[in-house]
Amino acid sequence: MAADALDLARWQFGITTVYHFIFVPLTIGLATLVAIMQTLWVRGGNKRWLRLTKFFGKLLLINFAIGVATGIVQEFQFGMNWSEYSRFVGDVFGAPLAMEALVAFFVESTFLGLWIFGWDKLPKRLHLATIWLVAAASTVSAYFILTANSWMQHPVGATFNPQTGRAEMVDLAKVLTNPTVLAAFPHTIGAAFLTAGTFVAAVCAWWMVRLVRAGDAAKARDVYRPGLQLGLVVMVIAALVVVVTGDVQGKLMFQQQPMKMASAEAIVDSGDHVPMTLLAIGNLSNDPASVHRYLEIPGLTSFLATGSFDAHLTGITDLQQQYEQKYGAGINYIPNLAVTFWSFRLMIGFALFAGLMALLALWLTRRGRISGNLWLSRAATWALPTIFLASSAGWVFTEMGRQPWVVAPNPNPEGVDMVWQLTARGVSAQVGPATVVISLVCFTLLYGVLAVAWYRLMHRYTIGGVEDDPVDPSPDNPDNRTDEVDKPLSFAY
Amino acid sequence: MSHETLQTIWFLLIAVLWTGYLVLEGFDFGVGMLLPFLPRDDKERRLAINTIGPLWDGNEVWLLTAGGATFAAFPEWYATLFSGAYLALLVILLALIVRVVSFEWRGKITTPRWQKAWYWGLVVGSWVPAVLWGVAFGNLVAGMKIEPVTTTVSNVAGETTRTTLQYTGNFFDLLTNGHGFALLTGVLTAVVFLAHGAIFMSLKTSGDFRDRAATAASRISVVALVVGAVWAIWLQLAYSGKMWTWAPLVVAALALASSAWFTRVRSEGRAFASSAVAIVAAVVLIFGSLYPNVMPSNVDPAYSLTIHNASSSAYTLTMMTWVAVIFTPIVLAYQAWTYWVFRKRISVKHIPEQPPVTFTLENANPSR
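Going line by line, the protein sequences match chains A and B. Count along the first sequence starting at 1, add 99, and that's the number in this note's numbering. Count along the second sequence starting at 1, add 1059, and that's the number in this note's numbering.
Any given hint might turn out to be false.
[As the list claims (entries may be wrong)] Straight-line alpha carbon distances no greater than 25 Å define the calculated BS3-like cross-link-like pairs of lysine-lysine that follow: (1) Lys1175(B) <-> Lys157(A); (2) Lys223(A) <-> Lys586(A); (3) Lys350(A) <-> Lys425(A); (4) Lys153(A) <-> Lys1102(B); (5) Lys586(A) <-> Lys153(A); (6) Lys157(A) <-> Lys586(A); (7) Lys153(A) <-> Lys223(A); (8) Lys318(A) <-> Lys157(A); (9) Lys1204(B) <-> Lys1301(B); (10) Lys157(A) <-> Lys220(A); (11) Lys220(A) <-> Lys146(A); (12) Lys1175(B) <-> Lys1102(B); (13) Lys146(A) <-> Lys223(A); (14) Lys1403(B) <-> Lys1102(B); (15) Lys223(A) <-> Lys1403(B); (16) Lys220(A) <-> Lys1408(B); (17) Lys586(A) <-> Lys1403(B); (18) Lys146(A) <-> Lys318(A); (19) Lys1408(B) <-> Lys1175(B); (20) Lys318(A) <-> Lys153(A); (21) Lys220(A) <-> Lys586(A); (22) Lys1102(B) <-> Lys157(A); (23) Lys586(A) <-> Lys1408(B); (24) Lys220(A) <-> Lys1403(B); (25) Lys146(A) <-> Lys586(A); (26) Lys273(A) <-> Lys350(A); (27) Lys153(A) <-> Lys220(A); (28) Lys1408(B) <-> Lys1102(B); (29) Lys1102(B) <-> Lys586(A); (30) Lys1408(B) <-> Lys153(A); (31) Lys220(A) <-> Lys1102(B); (32) Lys223(A) <-> Lys157(A); (33) Lys146(A) <-> Lys157(A); (34) Lys1408(B) <-> Lys157(A).
Just so you know, these hints were derived from the structure itself, not from any lab.
Go ahead and model the full structure; you've got the sequences and the hints to work with.
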């Protein structure tokens, strides 16, 4: 019975979290991109940037709403489904969550309201500052949430108190500067900007091709090409950040969570000069002995893990023995091999696909060109959904790869002792499977309906295109200095 | 500072966060709840929604901060409350999710079916939490079925078990708790939020709609006064056991009475301030009667969760105190500024016409 509630609670956490994180990276990245567009409008005065600000601003708001709505669940379900976990880690884990709300989320929500409704109320530069605050706060928000998550991957700054039977914080600075979060934060933000950059570039590329083919090259050149270029620049920079920080994270994870990386690379037996496996097949019983490896690049995994092609890496079988000695026999410490192996590759593959689209777009629009090449709009149409899946796959990898732990043990000799918890021990003791089934079904159904509505709105407002001649409602605009009392609001729900 | 002082500070801080949430989100719940009753046409519905348009999102963060602060400062309280009131919280979460997207999505498409769906999302999404937060607080005050439960912390060599205080009752117990006291608290929050919302709308609108909002506010305020008086005296006599909580009780009653009075004489600003004070006093009454418990047990007082047995370590509380002391005033400052920016009354004349937007594009498709 307990096992059932555990599996259901895990499914619920997986579904609600992956779903939430479809919207989050776009929100984080697009808020900054819209802020850049609005800055270009305010500073240069070219209306193309106002058109793009309003166009992508609408898409941002559609997306923002569902990200916020699904984020509420995240904070509460630790207490609902994972109350034993919450009791065990609350002294440490609650702090970054509370800080996120107080330091970042308040700014984000308050200034978003000011941005949406403040076009005709605030001076131009002050109004611009509100969207920058929203963008900055959503990024800071990510930092705190990743701090909390990184502590589950690699607990630091805490100690086990035998009197209270729980993990307790001893050093907040260590929690906030956990090497895990210092790598995960730029990686996640890089991914968010890659997502938003791809989104902007893909939408603009699709529109450019469409307009060129419809004979409206002037609009394609005036509005969508600049938007595309901005998206591409962001993509290139973000891709570099993602690759570099991904490499750092990989090396770090080989030390901090060797089992996760061993299963991601299907390293069954320990050895030197470990090759990179492009294809591994095993049976679904999660038996490491059944894994067959194909298409290997010699020494590459050793190199990526340590910087040396000849380095020794410990395999799953030996790690299992080490874990049994240290943490107790009778437990399978191997995460789901198929899921970790493939989600890791899908994450990289989907991101690479966006990179291909970027290269194609860069080539076709080189030196001031515009393009009506249908392959570009096809690539854009594919890159758009797949870049979201790259983030989903990344989270599935890092969370499934942490299993069977909810708080993975810190393996460093100087690391904290006894601050670890098996996922099975974290689930609520007093919540039965029937209750979790009800909530799982409710969330899944509601999220399904919302996904359809979100997709239809995003689609509708994307194919609606930019406004032809948007007004500048700013009080700084001389046209608006009227004494008209009943002038309609610049924006209303 | 001693651990006990810190525990009391955090008890007060969480009371402050809930106060912020109930005072602020209270009126935007009220606006949503009144949508089927006050506006006469679509323009007026939009007028009502837009009185809280720029504000509701910032208001809601008070809840998330209260949740996060409870997790950080009183993990046992957070864990027992949220796992105990699981299904009630699920319903609240579903309602809040629908409410958030309804605000942002309703106006994006203008077909009647679409707008109607999200309009009801706003209405139901406002009613459900308005009632259920009250029921939740009623349960806290009345005491819940809390008993020791032994669990295994870790299965490492030498198993560690701990005994924690957990809710062992069921969902329906939450509704019947206190022989109706919990439900009455739900009625109270609903009525108070209705009055608070109606007053807010009369304060923020002009023209015919303002008059109707004021009339509704003065009627609902009287109901709020009656329900509030019964509830507060019940709480004081049955659950408080402290003499000093008569003080917030009297303040709450006076504030509700003066709010009813000011709505009658159409002094909307004073009426709003009064209903805000009433909510503050009610929160003081609730938390005052609880202290030092956070979740009293109705099985045995020895099983009650208190600020002492539910709290984080002194170190965590010290660190979090610094964060709260620095950032709470900043939050208050910029939220106050937001209210200042959007201080002007609006009328139906300020609501811009909505050009029709459907899912099918007629003219906007250049390649066709």
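Taking the hints in turn, this is what the structure says about them:
1. For the given pair, Lys1175(B) sits about 21 Å from Lys157(A) by alpha-carbon distance, which is consistent with the 25 Å threshold.
2. Proposed proximity of Lys223(A) and Lys586(A) is supported: the alpha carbons are some 19 Å apart, at most 25 Å.
3. Pair hint Lys350(A) plus Lys425(A) holds up; C-alpha atoms about 23 Å apart against a cutoff of 25 Å.
4. Distance check on the hinted pair: Lys153(A) and Lys1102(B) sit about 24 Å apart at the alpha-carbon level, within 25 Å; holds.
5. At roughly 20 Å between alpha-carbon atoms, Lys586(A) and Lys153(A) fall within 25 Å of each other, so this suggested pair holds.
6. Taken as a hint, the Lys157(A) and Lys586(A) pair is honoured in the structure, with Cα atoms around 22 Å apart against an allowance of 25 Å.
7. Distance restraint check for Lys153(A) and Lys223(A): the Cα-Cα separation of roughly 14 Å lies within the 25 Å cut-off, and the hinted pair is therefore satisfied.
8. Of the supplied pair hints, the one linking Lys318(A) and Lys157(A) holds, its CA atoms being roughly 20 Å apart against a limit of 25 Å.
9. Among the hinted pairs, Lys1204(B) with Lys1301(B) is consistent with the structure: their alpha-carbon atoms are about 22 Å apart, no more than 25 Å.
10. Pair hint Lys157(A) plus Lys220(A) holds up; C-alpha atoms about 19 Å apart against a cutoff of 25 Å.
11. Among the hinted pairs, Lys220(A) with Lys146(A) is consistent with the structure: their alpha-carbon atoms are about 20 Å apart, no more than 25 Å.
12. Note on Lys1175(B) and Lys1102(B): the hinted pairing holds, with a Cα-Cα distance of about 14 Å set against a maximum of 25 Å.
13. This hinted pair checks out: Lys146(A) and Lys223(A) have alpha carbons roughly 14 Å apart, not beyond 25 Å.
14. With a C-alpha separation of about 18 Å, the suggested pairing of Lys1403(B) with Lys1102(B) holds against the 25 Å cut-off.
15. With a CA separation close to 19 Å, the supplied pair Lys223(A) and Lys1403(B) stays within the 25 Å bound.
16. A hinted pair counts as satisfied when its Cα atoms are at most 25 Å apart, and Lys220(A) with Lys1408(B) qualifies at roughly 17 Å.
17. At roughly 12 Å between alpha-carbon atoms, Lys586(A) and Lys1403(B) fall within 25 Å of each other, so this suggested pair holds.
18. Between Lys146(A) and Lys318(A) the CA atoms are separated by roughly 12 Å; this keeps the pair inside 25 Å, and the hint holds.
19. Taking the CA atoms of Lys1408(B) and Lys1175(B), the gap is about 22 Å. The hint holds against a cut of 25 Å.
20. Of the supplied pair hints, the one linking Lys318(A) and Lys153(A) holds, its CA atoms being roughly 16 Å apart against a limit of 25 Å.
21. For the proposed pair Lys220(A) and Lys586(A), the alpha carbon gap of about 12 Å is at most 25 Å, so the pair holds.
22. Between the alpha carbons of Lys1102(B) and Lys157(A) the distance comes to roughly 22 Å, so the proposed pair stays at or under 25 Å and holds.
23. Proposed proximity of Lys586(A) and Lys1408(B) is supported: the alpha carbons are some 7 Å apart, at most 25 Å.
24. For the proposed pair Lys220(A) and Lys1403(B), the alpha carbon gap of about 10 Å is at most 25 Å, so the pair holds.
25. Note on Lys146(A) and Lys586(A): the hinted pairing holds, with a Cα-Cα distance of about 23 Å set against a maximum of 25 Å.
26. Of the supplied pair hints, the one linking Lys273(A) and Lys350(A) holds, its CA atoms being roughly 20 Å apart against a limit of 25 Å.
27. Our distance criterion of 25 Å between C-alpha atoms is met by Lys153(A) and Lys220(A), whose separation comes to about 17 Å.
28. About 9 Å separates the Cα atoms of Lys1408(B) and Lys1102(B), which keeps this hinted pair within 25 Å; it holds.
29. For the hint linking Lys1102(B) to Lys586(A), the alpha-carbon distance of about 15 Å falls within 25 Å, and the restraint holds.
30. For the proposed pair Lys1408(B) and Lys153(A), the alpha carbon gap of about 24 Å is at most 25 Å, so the pair holds.
31. A threshold of 25 Å between alpha carbons decides the hint, and for Lys220(A) with Lys1102(B) the separation of about 22 Å falls inside it, so the pair holds.
32. Pair hint Lys223(A) plus Lys157(A) holds up; C-alpha atoms about 19 Å apart against a cutoff of 25 Å.
33. Simply put, Lys146(A) and Lys157(A) have alpha-carbon atoms about 17 Å apart, close enough for the 25 Å limit, and the pair holds.
34. Only pairs whose Cα atoms come within 25 Å are accepted, and Lys1408(B) paired with Lys157(A) is accepted, the gap being roughly 24 Å.
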